[in-house]
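Mind docking chain B on chain A? Use the hints.
Given next are the chains, with one letter for each unit.
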Amino acid sequence: MSNYKAVVIGGSAGSFALVLKMLSKLRPDFGLPIIICMHRLKHIRSGLAENLAMKSSMKVVEPMDKERIEAGKIYLAPANYHMFIEFDGTISLSTEEMSLQCRPAIDYTLSSAAIAYREKMVGIILTGANEDGAKGLKDVADKKGFTIVQDPATAEVPTMPRAALKLVKPDMVLSPEGILDFLNNLQ
Amino acid sequence: MTEKIGVEYTGFGISFFRRRLALVMDRMHMHSIQDLYKALEDEDKVDEITFNMVVPATEMFRDPAFWRALRKRLTGKTSLSVWFPNLTNGYEIFSFVVLTRMMGIENVKIVGNVSSKRTLDEIKSLVISAKNDEVNRSNFERLESNCSYEDYFEIMEDGRTKPKSVLLDGVEFRKGWFITNSKDTYDLVIFRNALLDFSYSLHEKVVTYLADSLNPGGMLALGIKEPLIAAVDLKAVEPDESIYLK
Chain A
52 MSNYKAVVIG GSAGSFALVL KMLSKLRPDF GLPIIICMHR LKHIRSGLAE NLAMKSSMKV
112 VEPMDKERIE AGKIYLAPAN YHMFIEFDGT ISLSTEEMSL QCRPAIDYTL SSAAIAYREK
172 MVGIILTGAN EDGAKGLKDV ADKKGFTIVQ DPATAEVPTM PRAALKLVKP DMVLSPEGIL
232 DFLNNLQ
Chain B
96 MTEKIGVEYT GFGISFFRRR LALVMDRMHM HSIQDLYKAL EDEDKVDEIT FNMVVPATEM
156 FRDPAFWRAL RKRLTGKTSL SVWFPNLTNG YEIFSFVVLT RMMGIENVKI VGNVSSKRTL
216 DEIKSLVISA KNDEVNRSNF ERLESNCSYE DYFEIMEDGR TKPKSVLLDG VEFRKGWFIT
276 NSKDTYDLVI FRNALLDFSY SLHEKVVTYL ADSLNPGGML ALGIKEPLIA AVDLKAVEPD
336 ESIYLK
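Protein chains in written order, with the numbering used here: chain A, 52 to 238; chain B, 96 to 341.
This is chain A alone, in the form it adopts within the complex (with noise of 0.2 Å):
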């Protein structure tokens, strides 16, 4: 059995096809909730967890405000929305002001998993061109969690990355094939 309770990836630009890509490759009992913030645009609210429900062997959902992880689900941040972590294992919502002009915020959502989680959790940042996630992802390793940057010259875009880098030492750096086979070993 695994330790963790869940994993939680954040990315931007270029993460989209990566997640995609690694959603069709993870084994179809996988058994955590995977929580995933991408920077996307925010008027348009359908398709993108269309198309990674189609990838995958999971269900994905663009959850509602206090909805319940669950084991074995994809939750995608809604467009215009920050998604936060709760204690008692819900997620809310919320249109808070924008952070890094971003919202959703990955920092948002993997500090709040941090606080909610501490070290049963995964903490996966990816390609971007801002440095959203590198904040959040401090605050999981400070708690013990487990941490994988992507490696910054496999990245699309590697700014993400690299200040992810500047912030943590992560537990590992890895390629986007590395962090697939990383989750498929998880249980």
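By construction, these hints were calculated from the structure, which means they are not laboratory data. A few of these clues could be false.
[What the hints assert, rightly or not] Beta-carbon label-pair distances, calculated as ranges:
(1) B/Glu267 / A/Ser75: 50 to 60 Å
(2) B/Tyr304 / A/Ser226: 50 to 60 Å
(3) B/Thr275 / A/Phe138: 25 to 35 Å
(4) A/Ser226 / B/Lys172: 53 to 63 Å
(5) A/Ala180 / B/Lys172: 39 to 49 Å
[What the hints assert, rightly or not] Simulated pairs of lysine-lysine, DSS-like, Cα-Cα distance not exceeding 27 Å:
(6) A/Lys93 / B/Lys257
(7) B/Lys219 / B/Lys257
(8) A/Lys93 / B/Lys226
(9) A/Lys56 / A/Lys195
(10) A/Lys217 / A/Lys186
(11) A/Lys171 / A/Lys93
(12) A/Lys93 / B/Lys167
(13) B/Lys212 / B/Lys133
(14) B/Lys140 / B/Lys99
From the three backbone atoms N, C-alpha and C, an ideal C-beta is built for every residue, glycine too.
Just chain B, lined up with the frame of chain A:
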């Protein structure tokens, strides 16, 4: 804070409340809880705290599909009473007023509650930065109407934009928490994305109160990601846009 300000902060989500209070204290350069207690004794600072505790609406015509759905639901109406229980800035009310003007609904009575004097001042003197105006304009264009943005907004010399002053004619503003002993009822209540800040219990209480504030056949509009978790006699008529009918 609940006692001094009159807003039911005790029913707010704990993590939201902590986050928001930290932001307020940071903005107001308060470094300790003692600073907060002291500020709560000062009327101007109480107003400032109340203003900052509120999450401002993000943009005008946020979720254009919602406004299109609302337009569809209001088609054929000639008069309307509308309540905004929790105005956080001018974006929601101006969006609605523009919508009704576009539709030619002439007899519209609007009541809006604000929790602080500063919020009211900002609504009445709303000026939109060029950057925000760009977002508002693109949302407006997604309403797919034949009207022009310039029919309702004017560009100032410095490039910023402001709504035409006539848009707020006849709007009644009330200051204070919206749950009162009032028996007023309305044809439409717009309360989008404020339930996000509340705990389950306050969420339930507020939705029940808002449902009771509707006339028969009236509509309640919530944010598109806010579930209706209270046991109320409302039917989702636009489920994707969270519009409910009594």
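Quick rundown of the hints versus the structure:
Between B/Glu267 and A/Ser75 the C-beta distance comes to about 56 Å, which sits within the given range of 50 to 60 Å. The hinted window of 50 to 60 Å between B/Tyr304 and A/Ser226 holds, with their beta carbons roughly 54 Å apart. Restraint check, B/Thr275 to A/Phe138: a C-beta distance of roughly 33 Å satisfies the suggested window 25 to 35 Å. A/Ser226 and B/Lys172 have their C-beta atoms about 59 Å apart, which keeps the hinted 53 to 63 Å range intact.
About 46 Å separates the C-beta atoms of A/Ala180 and B/Lys172, a value consistent with the hinted range of 39 to 49 Å. The hinted pair formed by A/Lys93 and B/Lys257 meets the criterion: a straight-line CA distance of about 23 Å does not exceed 27 Å. Of the supplied pair hints, the one linking B/Lys219 and B/Lys257 holds, its CA atoms being roughly 10 Å apart against a limit of 27 Å. About 15 Å separates the Cα atoms of A/Lys93 and B/Lys226, which keeps this hinted pair within 27 Å; it holds.
The hinted pair formed by A/Lys56 and A/Lys195 meets the criterion: a straight-line CA distance of about 13 Å does not exceed 27 Å. This hinted pair checks out: A/Lys217 and A/Lys186 have alpha carbons roughly 10 Å apart, not beyond 27 Å. Under the criterion of a C-alpha separation no larger than 27 Å, the hint pairing A/Lys171 with A/Lys93 is inconsistent with the structure, at around 31 Å. At roughly 23 Å between alpha-carbon atoms, A/Lys93 and B/Lys167 fall within 27 Å of each other, so this suggested pair holds.
Distance restraint check for B/Lys212 and B/Lys133: the Cα-Cα separation of roughly 20 Å lies within the 27 Å cut-off, and the hinted pair is therefore satisfied. For the hint pairing B/Lys140 with B/Lys99, the CA-to-CA distance comes to about 11 Å; that is within 27 Å, so the pair holds.
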